[in-house]
Amino acid sequence: MNRQKAFSLVELLISLAISIVVLGGVIATFSRMNEGIRNANKSSDLTTGMRGIFAMFQHDIYMSSKGFSDLNAYQIHYNNSAVTGENYFYSITGLTTSPSSQVTLQWFDYNMASADSNPTYAVLTEDGKAASFTSSFPALLFCSTILDDPRLSTIAQGDVYVIYNGDLLYEYDWTELRDNMDPTTGLIDETAHPIGAGIVEVESVSDGVIPDPYNAGPKAFKTAKRVQFRSSGTFGNSFTVNLGTPYVPPQPLGTYMAGAVESPSASGNVRFPPDSWFARKVGTLDTFHRVTYRLDSDTIIRTENNQDMILSTEISNFRITVGLSDATITDAWTGSASSDSSDWVTDESDMASSSVAKELLGKHAYALRVELEKRSLFKDTSDTNADGSGGALKSRKMSQTFKVKNAHIPLANK
Amino acid sequence: MKNLHNLKKGNTMVLVLLCMLIFMSMIVGFTFDARSQSIFNSGAKLHNFYRVSAEQILQTERSEMSAYWVTPNTLDSGGGAIADAMPSWRFGGLLRGDYSTTPTPGKYGMLLSEGDVEQNNGLLNLHYKLWVANNPDDPAYLMNGIYAVGYDGADEYAIVDPNWDTDGKVVLTVEMFVNDTATDPVLVLSHMVAVSGAEIVYAGTEPAQEGDDSSANNQGTGSVGTEELSLSTSLAQD
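Residue numbers (the working numbering), protein chains in the order written: chain D, 1 to 414; chain A, 1 to 238.
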């Protein structure tokens, strides 16, 4: 009978025991390494999530702080019926700590790339006479010196315009602006120096009739559209104050020099007379963005145009502070009316007048700092009990400071 | 075949292969557990590349715009002054394309410059076009087509042209393309540029010669030459 040699039972058992010991050690090591990698990944996820929040802030602050380019020199009256207490349109507003840290950023997708996308029109009243831009002011005429100007036909319902007194751009330079500013707040005193502007939304458009004497002669307007504006809504024109100076009928158009008859100045200025009004299209409701960051329980929510987006959960600390541009402005904030003691402000209600706080914030914000602390979903195993209970959830802190480009100096060249 | 100890050959090899199989499976497990993290998705990163490149191009070109500035002068009496002189004042010549051998108008104004942006990694080289246009609320733009009065009301007129620069402000627009044959830009960025200051600078013609600043420091106040215009410009939103 043939007997085949094979492993005996004893040999098998011994080899099995040795294999179990070796594999057990290998598996234990593998398991610990695996857990370490998972913890590292969770930690990395934690950091990445927070950096994503900062990336969102960076984008929104960059877009909002561009403002309206050279029109940033104005204090643009704003009457958003959905928001109380905002009398002027500022890119940064709504800074508060109640119930938690919160800030609002708003902007238009506005880049002045071409006259087709952001046209400007000269503005007349329908009767060519003086008027005041009070609440529900009458319709205005947007005018052009070109016959059947095709740009006028693009004016449509829903367009948003900034209507402004041209003095600040065409007549003033920075020294005059400085002289017209309150030395403490850096804001234009509109009572003493009415240089008004307001942001409005078009409700309806129709053909306009150009009043005398602007409809004849070599300096006449050739085409006009009658534009009616909404009195309520996001850009309602029910302003609480007059938009600066009453509109004064200009002299007939043409080259103009202050204090002289129609003749070019030594520098060849082509100018509109003082107190002429203009309308610049800054966008439409579709290109308007109003973004609010807030903390709700332990969740950071970004709300854009009333649509919520959850950025992150497990947030244990969220703090926004804004740095103001210089000591004078900060002193105005941190004076007797304010309880803030540093150069970084946290809440508009810290000032006795929240409207002045909004104006300081909107005009003089220089930087915005975001501080964030996020809890992870795993514990620090070094202080857990033997049975795995106890121990604190790991958390990560990050903060970043963003520059706010908040230029408000006119660059008019006389 | 049996060896000396009556054990079949190949049994050891089987065991060795079995061990290797176990270790290989663990290594593969490690590999699938590791993954890379990214701060932005690729779209956000690329947008950042484009935007930073565009901003740098704008800043570079803005700083060199003094070469295109024509200082307005007092109009002389006599004919032709307004029609000949005013259109070139400030950045008017630039807006008309006077500084280009082949003026190229486009959607965003007159082509000012064109070139490539090289990235260090060599894989994201970009092509750009820089355009210049008058700002839409320049008084000349708004008075387009009407008469400008001549000197002292004399019988001298010029038709206001939208490319007259009467306020020293222009709009620079950068289009970024992925290469020089692409027709659709990946980014369009505009800034208003305005003059923020102008100064006549006096300098000595020799390194050791006194300039006109009377400071007795044997240095001029500017670069080589006798008189230069030092023009500073700013982006209207910086």
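Derived by calculation from the structure, the hints in this document are not laboratory data.
Be careful, since some hints might not be right.
[Claimed, not checked] Chain A stretches covered by chain D per the calculated footprint, using a threshold of three residues with CB under 8 Å from any CB of chain D:
id	segment
1	136 to 144
2	163 to 177
[As the list claims (entries may be wrong)] Chain D is nowhere near these chain A residues, computed Cβ spacing over 10 Å in every case:
id	residue
3	N11
4	M26
5	F49
6	T60
7	S113
8	G115
9	H127
10	V188
11	S190
12	H191
A virtual CB, placed ideally from N, CA and C, is assigned to each residue, including glycine.
Evaluate the condition: distance from the CB of A:V188 to the nearest CB of chain D exceeds 10 Å.
6 Å, violated
Just double-check A:F49 for me: nearest Cβ-Cβ distance to chain D has to come out over 10 Å.
14 Å, holds
Non-interface claim for A:H127, where every Cβ of chain D lies beyond 10 Å
19 Å, holds
State whether the coverage of the segment 136 to 144 of chain A by chain D holds or is violated, taking the criterion as 3 or more residues with Cβ-Cβ distances under 8 Å.
As far as the segment 136 to 144 of chain A goes, the hint holds, because 8 residues have Cβ atoms under 8 Å from chain D.
Distal placement of A:S190 relative to chain D, Cβ over 10 Å:
4 Å, violated
Least C-beta distance between A:H191 and chain D, which was stated to exceed 10 Å
8 Å, violated
Please confirm whether A:G115 is truly not at the interface, meaning its C-beta sits more than 10 Å away from all C-beta atoms of chain D.
20 Å, holds
Test the statement that A:T60 is away from the interface with chain D: the closest C-beta pair must be farther apart than 10 Å.
18 Å, holds
Verify this label for me: A:N11 is non-interface relative to chain D, using a Cβ-Cβ cutoff of 10 Å.
At about 8 Å from chain D, A:N11 fails to clear the 10 Å cut-off, so the statement is violated.
Checking a non-interface call: every C-beta of chain D should be farther than 10 Å from the C-beta of A:S113. Is that right?
A:S113 clear of chain D: closest Cβ-Cβ about 17 Å, beyond 10 Å.
Count the residues of the segment 163 to 177 of chain A whose Cβ falls closer than 8 Å to any Cβ of chain D, and tell me whether that reaches three.
Coverage by chain D holds here, the residue count being 7 at a Cβ distance below 8 Å.
Can we confirm that no CB of chain D comes within 10 Å of the CB of A:M26?
Violated, because the least Cβ-Cβ distance between A:M26 and chain D comes to about 5 Å, which does not exceed 10 Å.
The structure does not agree with the numbered hints 3, 4, 10, 11 and 12 stated previously, though it agrees with the rest.
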